[in-house]
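Taking the hints into account, I'd like the entire structure generated from these sequences.
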Amino acid sequence: MLKVESIHHGIVIDHITQGKGKKIFDRLNLGEVDYPVVLLRNVPSSKYGKKDIIKIENCIDIDMTILGLIEPNATINIIEGERIIRKMKVEIPEEVQGLFKCKNPRCISNTEAYINPVFKLAKSNGTVEYICEYCEELTSYSL
Amino acid sequence: MSLKGKHLIDPGDFSLTELNSIFQLAEKIIENREEFSEICKGKILATLFYEPSTRTRLSFEAAMLRMGGKVLGFSDANVSSTAKGESIADTIRVISSYSDIAVIRHPKEGAPKLASKYSAIPVINGGDGGHQHPTQTLTDLLTIKKLKGSISGNRVAFCGDLKFGRTVHSLIKTLSRYPENKFVLISPNELRLPEHIKHILKSDANVEVVETEDLELVIDSIDILYMTRIQKERFFNEADYVRLKDSYILDKNKLKAAKKDMLIMHPLPRVNEIDYDVDDDDRAVYFRQAEYGVYARMALMALLLGVYENA
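Keeping their order, the protein sequence lines are chains D and C.
The first sequence begins at 1 in the numbering used here and counts up one residue at a time.
The second sequence begins at 1001 in the numbering used here and counts up one residue at a time.
Worth flagging that the hints you see were computed from the coordinates, not collected in a lab.
For every residue, glycine included, the Cβ atom is placed at its ideal position computed from N, Cα and C.
All the given hints hold, so there is nothing to weed out.
A partial selection of chain D residues facing chain C, derived with a Cβ cut-off under 10 Å:
#, residue
1, Ile-108
2, Ala-113
3, Leu-138
The calculated lysine to any residue pairs, modelled on SDA-like cross-linking and capped at a C-alpha distance of 20 Å, are:
#, chain 1, residue 1, chain 2, residue 2
4, C, Lys-1202, C, Pro-1179
5, D, Lys-120, C, Gly-1012
6, C, Lys-1232, D, Arg-106
7, C, Lys-1004, C, Leu-1016
8, C, Lys-1232, D, Pro-105
9, C, Lys-1202, D, Thr-127
10, D, Lys-103, C, His-1196
11, D, Lys-120, C, Ser-1203
12, D, Lys-103, C, Arg-1192
13, D, Lys-123, C, Ile-1200
14, D, Lys-120, C, Lys-1198
15, D, Lys-47, D, Val-12
16, D, Lys-120, C, Lys-1117
17, D, Lys-103, C, Phe-1164
18, D, Lys-120, C, Asp-1204
19, D, Lys-120, C, Lys-1202
20, C, Lys-1117, D, Gln-97
21, D, Lys-120, C, Asp-1013
22, D, Lys-123, C, Lys-1202
23, D, Lys-101, D, Leu-121
24, D, Lys-123, C, Asn-1206
25, C, Lys-1117, D, Tyr-114
26, C, Lys-1198, D, Leu-138
27, C, Lys-1163, D, Arg-106
28, D, Lys-123, C, Ser-1203
29, D, Lys-103, C, Glu-1195
30, C, Lys-1202, C, Arg-1192
31, D, Lys-101, C, Ser-1087
32, D, Lys-103, C, Pro-1107
33, C, Lys-1006, D, Glu-133
34, D, Lys-123, C, Pro-1194
35, D, Lys-120, C, Ile-1197
Shown next, in the form of structure tokens:
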């Protein structure tokens, strides 16, 4: 069994669907940071069979919007003194800005470059879809 | 309650009470136009039409002129600074210092909303792509109120291009806010109402919606038949337009089965979707609808400018 040191202060992103860990790692730019980060893949899980886990030392500030879009089923554990002091469920964000563009070619946001539209969550059962604040078309989210 | 200084981008920007205040004033204007002939003296309307329009632009211009105001603007994006690459944000900032109120028509969806964010004066959406056309909605609702007696409790059928028809999108969303309206959607499969609007109708407003491709099948159950043109300018592909353009043509024969008090409405311009024979039918109200459009726009601008406050 692979053994990874516990972290003293930081966060653990747990219950990541097997295979999504790398995507989250990349989208959170964890390959660029200078604090210790571990991506664990294919970890045995009693609930899911296998799962991915990300451990981040010395940082508790991550982009929950991106995380919520990619893996709304994940759990965030805040670690202090090697103990979990808080558990949080990740949620699909109600509002997103700057992560994707409106899919509607007739939308003004695709013509005037200075616009950064806000997308509001329309529905989240099955696919995640957001309504553009300008044209109100639905844009399905996929990374 | 005051509408002074507000923008009209989407009919949803206004509460039903605010919408009713517009209709109240419009009805007062219809009763006594002379009383309102100087109400906008000294005010300037800017008409920023980035795509061709005759009816909406002239209706706005007529509305402002009938209230004693003045009008400036352009009706072709190629002769405006847009052709030089000016952004909408910059255009409206400049226009804000030239005029008191602006109406914008733009082929891109959401352009008037964008303008409203940078504007110091009230912005009215005069139609944006296939998205919204709120002043047509005011026109349509005023027509229904005047000729049907109530905006509620009607079975309203929309026929033709329900995909790109912005008049339909604006009207159906607004009608769904009034109680006990039911909808029948008649269109070819390729021009069905967009899912995001159906989602609003079914999930948010929880109204009855029936979809069919057959006008004759449902015409006997309709209180208001809203016909639309298949819009050539909305198609990327000419072949698709040619295939679909004659999908529905309303004629006297089809009207035999319709209710005696059904209203036939159309935002105009008509191409061939309503036979000219139908024009003489008492149920055909589309030209009166166009006339009401001027009164609806007069009332709207008077309230947004704050030159009139409803009691």
